[in-house]
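The primary structure of each chain is shown beneath.
Number of protein chains: 2
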Amino acid sequence: MADTLAFERQPLYQQVSNLLMERIAAGVWKPGQLLPSEVDLARELTVSIGTLRKAFDKLESERLLIRRQGRGTFVNDCSSEEMLTLFRSLRDAEGRPLRDDVQPIEQRKGPATALERERLQLSAEDPVLRTRRLRCCAGRPLMYEEARLALSRFPAIDRSRVAGDYRIMALAQRCGMHLARASERVSLAEATGEVGELLGIEPGKALLRLDRVILTMHGEPVEWRIGLCNLKQEFYHADIR
Amino acid sequence: MADTLAFERQPLYQQVSNLLMERIAAGVWKPGQLLPSEVDLARELTVSIGTLRKAFDKLESERLLIRRQGRGTFVNDCSSEEMLTLFRSLRDAEGRPLRDDVQPIEQRKGPATALERERLQLSAEDPVLRTRRLRCCAGRPLMYEEARLALSRFPAIDRSRVAGDYRIMALAQRCGMHLARASERVSLAEATGEVGELLGIEPGKALLRLDRVILTMHGEPVEWRIGLCNLKQEFYHADIR
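The listed protein sequences derive, respectively, from chains Y and A.
Sequential numbering from 459 applies to the first sequence in this note's numbering.
Sequential numbering from 459 applies to the second sequence in this note's numbering.
These aren't lab readings, by the way, just hints derived from the structure by calculation.
All figures in this text were calculated on a predicted structure; none of them were measured in a lab.
Honestly, I wouldn't trust all of these hints.
Since the list can't tell identical chains apart, any single copy or any two copies may satisfy a pair.
[To be verified] List of simulated lysine to any residue pairs, SDA-like, C-alpha gap at most 20 angstroms: (1) LYS488 with ARG625; (2) LYS488 with SER581; (3) LYS690 with PRO555; (4) LYS516 with PRO494; (5) LYS488 with GLU574; (6) LYS663 with GLU480.
Taking the hints into account, I'd like the entire structure generated from these sequences.
Structural data, given as structure tokens:
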């Protein structure tokens, strides 16, 4: 009863935005898809155009919808340039997001360790896909990466088809999942022998360490990645808002 | 004429939010101040409660207003714990924002250099206040800092009273200015002799370099700061959204 009241007390636009979000999450509306017109949708949901627009505003601010002038409202495409740039924090000397090639080194599946369970909020039996790889920029090895994918968050995926050079945004997109945010810890590290060899540098050289957890729009962690970067002119860009 | 039409085409809630923003920017409503009730404000502006609430939503998402359950809507206080935490990117091993003591080293005023003009979007004659200081955490020197304050953005301030240990959020607050966001470049650096001495480390040791520009809600750069951090268990935290 208390629950029902709490629900009824939610503003109408909030209820509408929840309903639309459910449709996106359930894949009824797929990434990149054009939504029905505002008039049709407002009629279907028996709400005013104003309420519907307010729900759209909310979902747009959460990057789930995107309005294109004169073309309509679309489900945001996680592999869009805007979304890719958001998660591409390494920039060149001029501030442009770096484009890299991914070279897989090794990939293994196994049950989550205690640390992986903590960072990815998993249970003991949940499987994790561990990928080691190298990111190169214009031929230069820039980042050595150890990624852990929470496989249980991807029920729709054929695990054997997640290659070592997968791109997390494209993978999420294929599974109809929306990656909305990430939390990153940036610190200092030193190159060990093996990492130094992969990055082509002396052991002991200072590296930028990027420890990132990427989350869905519902706040579920999907991938935990540790990256060790051999920066020269490049830098890590952060927007604080 | 074209301008008038463009203005009229703005949604009403947007016009209302601009008007409220002007009042805050002009200091008619001061940081921390309680706004008139929604009913009174809607009547004064001759808009519906719904439109007013939508304008409030927008200003709340921009952190200019803050709603407190059962108490009303307030102009956000830049020195509030929430705002301070937002700009305090260095965290301890447990992820808690670091609290530091500021030790001034030197302070000088002068016309902006080419680089300062670029980063702070200033004109050649604009004065800049340069502050060198040390941030210590629990007695340990953590960050050596070179900050440049764009004095021309602070018309209300008595320049002689900006001490070397000023806090930018508190300073902005005193001037009725709202600092809303920052852009940061994180990279690697090595301790030079002087910086090493101040931080109590060997020359050549790797440091985290933080190059940050803080902006007002209107997007005007206010302070440019370069910080050199001697990290141990600490890390730089970034939220990507």
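Comparing the hints with the structure gives:
{"no.": "1", "hint": "LYS488 with ARG625", "in the structure": "within (19 angstroms within a copy, 47 angstroms between copies)"}
{"no.": "2", "hint": "LYS488 with SER581", "in the structure": "neither (29 angstroms within a copy, 49 angstroms between copies)"}
{"no.": "3", "hint": "LYS690 with PRO555", "in the structure": "within (15 angstroms within a copy, 28 angstroms between copies)"}
{"no.": "4", "hint": "LYS516 with PRO494", "in the structure": "within (17 angstroms within a copy, 26 angstroms between copies)"}
{"no.": "5", "hint": "LYS488 with GLU574", "in the structure": "neither (30 angstroms within a copy, 47 angstroms between copies)"}
{"no.": "6", "hint": "LYS663 with GLU480", "in the structure": "neither (48 angstroms within a copy, 51 angstroms between copies)"}
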